[in-house]
Amino acid sequence: MNPAALPTNPPVATPFFFYLLAAVMIIGGILVITRKNAVHSAMALITTLLAQAALYLMLYAPFVAGVQIILYAGGIMVLFLFVIMLISIERTEKERQFNKQWLVGIAAAAALGGLFIAVYTTTTSGRTLFPEGKLTFAEGDNTQRIAGLLFDRATGTYMFAFEIASLLLLVAIIGAVVMAKKRI
Amino acid sequence: MLDISTLHYLVLGAALFLLGVIGVLTRRNVVIVLMSIELILNAVNLNLVAFSRYWQGIHGPSALHGQVFAIFIITDAAAEAAVGLGILIAFFRNKETVNVDEVNLLKW
Amino acid sequence: MHGVVQYIQSYLESNQTPGAAGNFFWATVYILLVFVGLSVAVIAMNWLERKILAHMQVRLGPMRVGPHGLLQPIADALKLLLKEDIIPAEADKIVFWVAPFIVVLAAFTVFVVVPFGPTHAITDMNIGILFMLGVSSLSVLGIVTAGWASNSHYPLIGALRSSAQMVSYEVAMGLAVVSVILMTSLNEASTGTLSMIGIVQAQQAQQQWFVFKFFPLGLIGFFIFAVAMVAETNRAPFDLPEAESELTAGFHTEYSGFRWSLFFLAEYSAMIAVSSIAVTLWLGGWLRPFPNALQGSTWELVFSLIPGLAFLFLAAMTFYSTVRMPKHPLFRVQTIGLAGFGALLGLIGLILFIPGVRMRVQDIFWFSAKVAGFMYLYIWYRGTFPRYRFDQLMKVGWKVLLPTGLALLILTAVVAMRSELLADVRGVWHP
Amino acid sequence: MTDSRSLSPLDLETPDQTFLDANELVINMGPQHPATHGVLRVILRLDGEKVMGLECVIGYLHRGVEKIAENRTYTMFNPYVDRMDYVAAVSNALGYCEAVEKLLSVEAPPRAQYIRVILTELNRMASHQLWLGTHALDIGAITPLFYTFRDREEILKIFEKYCGARLTTHAFRIGGLQYEAYEGFEKDVKNFVSFVKPKIDEYEELLTTNRIWLERTKGVGVISGKDCIALGVTGPVLRASGVQWDLRKAQPYANYKNFDFEIPTGQNGDTYDRYVVRMAEMRQSLRIIEQAVEGIPEGPIMAKVPKVMKPPVGEVYHSIEAPKGELGYFIVSDGSTQPYRVRVRPPSFVNLQALELMCRGQLVADVIAVIGTLDIVLGEVDR
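So the sequences go chain by chain: X, U, V and H.
According to the working numbering, the first sequence is numbered sequentially starting from 1.
According to the working numbering, the second sequence is numbered sequentially starting from 1.
According to the working numbering, the third sequence is numbered sequentially starting from 1.
According to the working numbering, the fourth sequence is numbered sequentially starting from 1.
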């Protein structure tokens, strides 16, 4: 048995992991919108986000998965928790959790869901969207290719958008500081 | 079990999207509303990355536009969360509450 | 059975990490091995910290449980496990229960991508360093929720402090890391990589540890990381979240027994984790010292003998203290125990001389030795420095490390650009 | 910030308007807290980490020492004073004995005076070493504590050899000393002086130029000399604010005018200056000890005092410079064998009043540093 005989990139147990992660995400999502306590909601959302990062890995998008973990779970959610701790939540926990239009809201969401179902069932190509389901890519160059789309002089379609995004972040920083500061 | 197709991801994305919409429309707590918005953005991201996977299957490994979009949306989400939570803190400081229902004046 | 032996043989001869080999079973075994080794390292670290700190402070440290207190960590662990697990009545029970596990999971998961050698890693991820930074930043979630769930003021302040601290130091840390990633793109075979193994291989290919690359740029990046990683792991002099003189114990004030020991475990494995990042990124990972200056089969042989010699030296020291033990019957058990420990060390040393093992293990040895150096630094800091105040900590993070990191990144990019252009002229670099 | 420096009493009802009160936090620091030096309880009102106000709650260690004095004879009360400032028991005893001696109009013989000075200054060293160790520990440096305790041990050994006790020594008697200095006392003291001199440099090496130490102590807990005088703050805290006031020079007692020493002062009145002043005081103490041990005269160690002390009716106030500040004893005699009233002016208690002024507007970590730099002993605060 030589090293070359070792299996390379064997198929992962894709359906099993997909359903597992999907279940985690759905349950997490439901918990997010039903918990009284905002910290519990945040924890559920973190679980959802991490499961989604794992799904990204299954979709051969490792870089997006890494960004998801580092930015969403490590950055944005910490910000959320930080704010939840700054504001006292004891009072809101005892109050009514849903607003008066909850019925309308759910009805609207149901209509939207119906629309989705209608679209998905009528589309003929629906079930065959992954024609090369078994195809695997070398993950090795995913990051490089994304970088190429973002930065490269020749293939960089999104260079301008990238700069705009940095501007957006700058504006957001200033806005957040202006909003949150007690007295400027 | 069936092989997982793009549709599976789309359905999952749609479900998360709907959950987010329900959260935004029905909850009173601003923090949870913001979290629901994050949920919606993530549902979109999931779709985009799934499309990117599909596109890669057709056009080869360089067709990563969906993933680039997803990265932009994550950037957006960070900006949105920062500003939203900043507004939330300012609001809480003045009103001592985090209920959207009570944001019914143009001034405070 | 034969198949298993064959598999091990083929693994030893292959150039793949166990994860890359894709076999579920063996990957699991390797994960278990790494985690057991990590736990042992944490236990050893506990003992070493107490002894080294004690000797810095003109005292002896643990001396009672086992010879020279060797069994003290085990006694501590037993005590913690047997202690009553108190959950405060007003605490948020679920979150209180979950928080320590988040911290431990985050600290342990990082080791999935730590390269102990070119083939000694659980897996080699394309986004290794990104994954490591991301997962280690998850531990702040556990700390924040632990502080909040305790429903008590000191833990809450500790949690707020730690979240602010960890988030701000992550920025400087990331900038230092990015400068290294730029450096990886400069060898003639590769186009830059985020993979932990790839980074070390880039250093190998460039015949240079990145700490010396573009002197002094690599050194500056290394210093930024070395400061940020201390703050990241909440250790002295940045141990504000658990500053005992101010906040009693910070975020884990209300924790006791097993749950507290989980925080302890996580803290020490996080220390080892960030030290491994530093070692991988700047100090050449598993590469032996002087990879470029001292080449040739003779030097290879000399350096491959060092692990065994180091263990034999430790064994000799142990035997020396065995001889120095008092000859009183009361100390007989301890003397025998110490001699046994010395014999164990000597045996390991001898095993390390076997050629097959020798070549296979020296990667792990050099990696661990470098990490151990960092661990000693941690203890040294703790013995020497007073604690920063919170605003000063933030000042160091945002006003010193962050601008330095940005300048470093730009400078590195400029310098790297120049050498890349040169490489382009030579026709070896291709995008 | 300007009003926080004034001496207005803390108003807990209306919050300071420069802060918004949306997330004001009230923290109960102590009585069980690692850094309040015993059982001090500090109620902190915080805005984030900023101290908006604080209130000290004391009395957890109250033993009624002053009341006990009214039921004890003058001699019997002598050991009780050791229990007030238990890290500087010798100084307490010196103040008490001198006060009663003043009441009785006797004076201790010169030899006794010299030995008293040596022991008191040794005790000042011990007290300052303990302060340094715990203060550095509060600020996060754990190692100085072990160094100072190692060296303080040598002082305690001398005490033990002299009178058999290490901490609550009961070394002095009214009218002089009970015990002659033991064989080799002078040699021990000289050895100690030459032993400890490089050790003080060692402490300074660890801290004085340490960047973190400077950042943690400079400009922290500033108090002006005027405020010190207004609050009655004495000792190193007062001297660090630039007021050159030391009772050993200002109202010389117990032979101190025979010795040549300086009064170290600071300018800024911050924690760092107090640290520098105390370090300099240790060196000055060593100077005094050196001079005293060279010049111990021969002679009796006990003045003529009656077996049953019945001081004449009257009152006396006598104060000495204890390690922590002015330690005063006000004794009223009704002519009986027991004092009618003993009132102690403890330096720690008075200095503690300055805490609120020094901490307002600073951060939580500074409160700890300031409590440490005030060098309080709760036994003395509560009595």
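Certain hints may be false.
[As the list claims (entries may be wrong)] Covered stretches of chain X (in silico footprint by chain V; criterion: 3 or more residues with CB under 8 Å from a CB of chain V, positions within the stretch not fixed):
no., region
1, 35–44
2, 71–77
3, 103–115
4, 142–148
If you are wondering where the hints come from, they were derived from the structure by calculation, not from laboratory data.
Just so it is clear, CB atoms sit at the ideal spot from N, CA and C, and this is done for glycine as well.
### Query
Can you list which hints this structure breaks, lowest number first?
3
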